[in-house]
Amino acid sequence: MRPFYGTQLTNGFMLGTAQYPSPAILADAFTRSGASVATVSLRRESGQDRAGQDFWELIKDLGVHVLPNTAGCHSVKEAVTTAHMAREVFDTKWIKLEVIGEEDTLQPDVFGLVDAARILTEDGFQVFPYTTEDLVVADKLLHAGCEVLMPWGAPIGSGLGLNNIFGLRAMRAHFPDVPLVIDAGLGLPSQAAAAMELGFDAVLLNTAVAKAGDPAAMAEAFAIAIKAGQLAQAADPMEPRDMASPSTPVIGKAFLQ
Amino acid sequence: MRLQLNGEPIDVRVTTLADLITAEGLGDAKIATAVNGVFVPATVRAQHALSTGDTVEILAPMQGG
Chain A
58 MRPFYGTQLT NGFMLGTAQY PSPAILADAF TRSGASVATV SLRRESGQDR AGQDFWELIK
118 DLGVHVLPNT AGCHSVKEAV TTAHMAREVF DTKWIKLEVI GEEDTLQPDV FGLVDAARIL
178 TEDGFQVFPY TTEDLVVADK LLHAGCEVLM PWGAPIGSGL GLNNIFGLRA MRAHFPDVPL
238 VIDAGLGLPS QAAAAMELGF DAVLLNTAVA KAGDPAAMAE AFAIAIKAGQ LAQAADPMEP
298 RDMASPSTPV IGKAFLQ
Chain B
8 MRLQLNGEPI DVRVTTLADL ITAEGLGDAK IATAVNGVFV PATVRAQHAL STGDTVEILA
68 PMQGG
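Chains as they are written, first to last, in the working numbering: chain A, 58 to 314; chain B, 8 to 72.
The shape of chain A in the complex, shown without the other chains (with noise of 0.2 Å):
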């Protein structure tokens, strides 16, 4: 696996860690997937209730790299700001940088993901872009500064898998050495298979694993199914052809007619 920004990671399970029904079930999930990355994010915190600080607390007890997002940002200022937030709250370099386009599907901005992402490398940042298959912006993206590519399979939450394999392969094509996570849009672990087949070097999923009626069982669906789609990447897989041809050896064959 291609390392990120010079770390090399057990393996390419990325795991957010929204939405699950209570805490004990997001750390039975991170358990049990074994991922080696938890997606989190910064919000509001009042004094009262401390909601932050008792979350923190059980992120460190996950032993993860932490990867903080920009989820929600709109802007280019308001994703610079928020990186630099994070900066602070996670002490990490890495920010997966989210400028969100368009609200039904959550597109992103890919204009004002390439500015940010300039202006946050400029300033020491290692930048993880969530962005579409386009391979226009994935190479302004690289010459921004980026040294990861995040495309999207599926809109954030959809479920609905790899919507574009046809972008997502010629992206691993067009660009062989830069380290490639699918994010967002997996729904179930065969997608992940997928995307692990094509040569991906991570997928980045959440709600697919919280939303599950099992999180901590398919977070582990999950974990083999990344596994044997790596392997099998790594296998060289056999072309597909339009025709039929016999595996069992046809010298030899009985005459039995």
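Because the hints were derived from the structure by calculation, they are not lab data.
There's no promise every hint is true.
What the hints assert, rightly or not - If you anchor each label on the Cβ, the simulated ranges turn out as follows:
1. B:ASN43 - A:PRO294: 18 to 28 Å
2. B:MET8 - A:PRO78: 22 to 32 Å
3. B:GLU15 - A:PRO294: 50 to 60 Å
4. A:ALA108 - B:ASN43: 22 to 32 Å
5. B:GLU15 - A:PHE232: 40 to 50 Å
6. A:ASN220 - B:ASP18: 19 to 29 Å
Said to hold, decoys possible - Here are a few chain A residues that face chain B, going by a calculated C-beta distance under 8 Å:
7. ALA75
8. VAL97
9. ARG107
10. GLY109
11. VAL146
Stated by the list, open to error - Listing some non-contacts, in silico: residues in chain B with all C-beta distances to chain A over 12 Å:
12. MET8
13. ASP18
14. GLN54
15. HIS55
16. ALA56
17. LEU57
18. GLN70
Built from N, CA and C at the ideal position, the CB exists for glycine as well.
Model the placement of chain B on the given structure of chain A, informed by the hints.
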């Protein structure tokens, strides 16, 4: 003076951002701050004077995807 703290109006008797954080019971908390939309690092909170009408955001770790 009257401020907006995390979107709510609040009347406080403080002079700096650090004072406000202490008054809110978050002096020891893992938080990040912004005033009027601009990030204020922890190292300068004690020197950052607040004025009536300022908008203060205090953020902490939270669940995210």
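Interface-negative label, B:HIS55 against chain A, beta-carbon threshold 12 Å: With a cut-off of 12 Å, B:HIS55 remains clear of chain A, as the shortest Cβ separation is near 14 Å.
According to the definition I'm using, a residue is off the interface if its beta carbon is farther than 12 Å from all beta carbons of the partner; does B:GLN70 meet that for chain A? Label violated. Min Cβ-Cβ 4 Å, cutoff 12 Å.
Just checking, B:MET8 versus chain A, shortest CB gap more than 12 Å? holds, 19 Å
Against chain B, is A:VAL146 within 8 Å by beta-carbon distance? This hint holds: A:VAL146 lies near chain B, its Cβ roughly 5 Å from the closest one there, short of 8 Å.
In terms of Cβ atoms, is chain A entirely out of 12 Å range of B:GLN54? With a cut-off of 12 Å, B:GLN54 remains clear of chain A, as the shortest Cβ separation is near 16 Å.
Starting from the hint 19 to 29 Å, judge whether the C-beta atoms of A:ASN220 and B:ASP18 obey it. Hint violated: Cβ distance 51 Å, outside 19 to 29 Å.
When the nearest CB of chain B is found for A:ARG107, is that gap smaller than 8 Å? Result: holds, 7 Å to nearest chain B Cβ.
Is 22 to 32 Å respected by the C-beta to C-beta distance linking B:MET8 and A:PRO78? Distance hint for B:MET8, A:PRO78 is violated at roughly 42 Å.
Evaluate the condition: distance from the CB of B:LEU57 to the nearest CB of chain A exceeds 12 Å. B:LEU57 clear of chain A: closest Cβ-Cβ about 17 Å, beyond 12 Å.
Please settle this one: B:ASP18 was flagged as non-interface, so is its CB more than 12 Å from every CB on chain A? holds, 16 Å
Over 12 Å from every CB of chain A: does B:ALA56 meet that, or does the non-interface label fail? Label holds. Min Cβ-Cβ 20 Å, cutoff 12 Å.
Checking hints one by one. Is A:VAL97 an interface residue toward chain B, by the C-beta closer than 8 Å rule? holds, 5 Å
Comparing the model with each earlier hint shows violations of hints 1, 2, 6 and 18; every other hint is respected.
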